[in-house]
Amino acid sequence: MSIFVAFEILGTIAFAISGAVVAISKKMDIFGVAILGMTTAVGGGILRDLILGITPPAAFQSPGYALTAIAVSLLVFLPPVRRLLHWKEKLYETALLLFDAIGLGIFTVIGVQTAYIARGELNAFLAIFVGVVTGCGGGVLRDMFAGTPPYIFVKHFYATASILGAVACILLWNIGQMPAMLLGAAVTLALRLLAAYYRWSLPKAK
Amino acid sequence: MSIFVAFEILGTIAFAISGAVVAISKKMDIFGVAILGMTTAVGGGILRDLILGITPPAAFQSPGYALTAIAVSLLVFLPPVRRLLHWKEKLYETALLLFDAIGLGIFTVIGVQTAYIARGELNAFLAIFVGVVTGCGGGVLRDMFAGTPPYIFVKHFYATASILGAVACILLWNIGQMPAMLLGAAVTLALRLLAAYYRWSLPKAK
Amino acid sequence: MSIFVAFEILGTIAFAISGAVVAISKKMDIFGVAILGMTTAVGGGILRDLILGITPPAAFQSPGYALTAIAVSLLVFLPPVRRLLHWKEKLYETALLLFDAIGLGIFTVIGVQTAYIARGELNAFLAIFVGVVTGCGGGVLRDMFAGTPPYIFVKHFYATASILGAVACILLWNIGQMPAMLLGAAVTLALRLLAAYYRWSLPKAK
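Protein chains in written order, with the numbering used here: chain A, 1 to 206; chain B, 1 to 206; chain C, 1 to 206.
By construction, these hints were calculated from the structure, which means they are not laboratory data.
Misleading hints may appear alongside valid ones.
Claimed, not checked - These stretches of chain A come out as covered by chain B in the derived footprint (C-beta under 8 Å, 3 or more residues): (1) 43 to 57; (2) 60 to 70; (3) 115 to 122; (4) 138 to 148.
As the list claims (entries may be wrong) - Every beta carbon over 12 Å from chain A, so not counted as near; a handful from chain C, in silico: (5) I3; (6) F7; (7) K26; (8) V42; (9) I46; (10) K90; (11) T94; (12) G120; (13) L122; (14) L164; (15) W173; (16) P179; (17) A186.
Built from N, CA and C at the ideal position, the CB exists for glycine as well.
Full structure from sequences and hints, please.
Here you go:
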């Protein structure tokens, strides 16, 4: 298994957890939890492939990702895990923040990479845009299906963290694809967590 | 007219009715009813075609389906029909359940068939996934546009009924395409109605 | 710069304003405003290109449109502009109605034109359908992301204005592409504004 595949599986697991956590908080039953976890995990990649003209999207051809996401969601649904999440009020929010941020970082740079491979050249604007859609798409679908305002519109530095991670990945591309992707994902993850921790405050309409 | 086309028209009518019923319950005006009925009826097929790379999607090339769905929605909007729906509180829910389940069953197996034809071979995972998206897609769009939590996340055995119907259709494929599709659709329809009638209860997060 | 490009930029600006106005009314912060403005402006065109099989969609290849939309959204977010919008209760609603109607008219006929060019022949049904999706798509995404019932399902003559503008554009196509598009957009704009001003009343389910 290549390190790229391991990276994608990690992103899939992280987003599946975030989807399952949201589904549980919305009192969905076990099937709703599995489906929302899977949708969150594979949704961004499906949007990415549709935009790049890769049909059927990879998720529809390789059962591994969807099945991994379903298995992870079912694990999160296990009573001991759920009890853990409810143990402290804050734990639910922290888990959602953390796993969503990991998925955001990983899928952003995978989107950049896929745009690069699909087009055979690095069109920076296309790569950033596709990276952001790949990174944010799963979470947007998760929040819309769960009936909550999408994170991307209400959380500080959500899309911005994704954009800056994509930019970092592209700027570092020449040092090697894997370090560029790892550092790009780290930039997004770090910015997103810092913004949440320090509650970076942005101008808001009154 | 081939029996396949008749089958697809029946699914279109059933989903158009379900969309119109939801729109009426949301107090939409006549245009909203027509558009929601049409979106429900052709939405799943459009998603299916985008995933399979069939562009423009069939619904955009053959006016018949969209126009049928609009005509059916306007019929449902006629005062006598609406009065009938309101006659008993339960009738509205029953109509929605029944026609949604018929559309779910038919579009699931049409999705399986389209995936098979488009790829020239039966990739079981792809066919099931595309079948479920085709079957559930129209209803998900309907519920999201109407501002209600999508059926697929909150109703027992919704996606599961679709998955099991797709699996049955694929297992039976060798006995002939049409009997496989009819039986697959029947499996989905029967499971969905049984689950609703007996209120099959699934574990839910507390 | 061709007159067609100027026309598309005008539509982009109008829809970006409508998206920013909705985002501000939903108390989103400056990033949410920029992203919702951009999504509204480029969303319809992206759906159009996916349907026609044009991948990556134009918006992903030409940075101009997305960046224009972001810049316009940030301008709308400037305190003096926001204060102006809040100056009178009605002004907010009027701005949304007006700019949404301009975007609806322009993107409808651009959708018709793109369908025509992409297919090399004028398939009237396809052109109308693609025109309506292009015109209404950005606004539907805007309203769904903002958590409000989509305009298209609740406003009188919204989709109808788009359909009639597309039909006018197609009927006039032989007198020349540009006059046909200008008149088609004018038909949609005029019908939408007249319907809102005179509160054209349509049958509604009781």
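Should the label of C:P179 as a non-interface residue stand, given a Cβ cut-off of 12 Å to chain A?
Given that every Cβ of chain A is farther than 12 Å from that of C:P179, nearest at about 34 Å, it holds.
So is C:K26 really clear of chain A, every C-beta pair being over 12 Å apart? At roughly 8 Å from the nearest Cβ of chain A, C:K26 sits no farther out than 12 Å, so the non-interface label is violated.
So C:L122 supposedly isn't at the interface. Is its beta-carbon more than 12 Å from every beta-carbon in chain A?
Check passes; 25 Å lies beyond 12 Å.
Are at least 3 residues of the region 138 to 148 of chain A within less than 8 Å of chain B when you compare beta carbons?
-> holds (count 4)
Notebook entry, point to check: Should the label of C:K90 as a non-interface residue stand, given a Cβ cut-off of 12 Å to chain A?
Noted result: At roughly 18 Å from the nearest Cβ of chain A, C:K90 sits farther out than 12 Å, so the non-interface label holds.
Check your understanding: Is the Cβ of C:V42 more than 12 Å away from each Cβ in chain A?
Key -> At about 9 Å from chain A, C:V42 fails to clear the 12 Å cut-off, so the statement is violated.
Holds or violated: is the Cβ of C:I3 farther than 12 Å from all Cβ atoms of chain A?
Given a closest Cβ separation of 25 Å, the condition holds.
query = Within the assertion that chain B covers the region 43 to 57 of chain A, do at least three residues meet a Cβ-to-Cβ distance smaller than 8 Å?
reply = Held - the region 43 to 57 of chain A has 6 residues with a Cβ nearer than 8 Å to chain B, which meets the minimum of three.
Evaluate the condition: distance from the CB of C:F7 to the nearest CB of chain A exceeds 12 Å. 22 Å, holds
**Asked** Once the closest CB in chain A is found, is it more than 12 Å from C:W173?
**Response** 29 Å, holds
Worksheet entry | 12 Å Cβ clearance of C:T94 from chain A | 18 Å, holds
C:L164 non-interfacial with respect to chain A [C-beta, more than 12 Å]
Consistent with the label, C:L164 stays out of reach of chain A, its closest Cβ about 30 Å off (over 12 Å).
Hint compliance for this structure: hints 3, 7, 8 and 9 are not met, and every other hint is.
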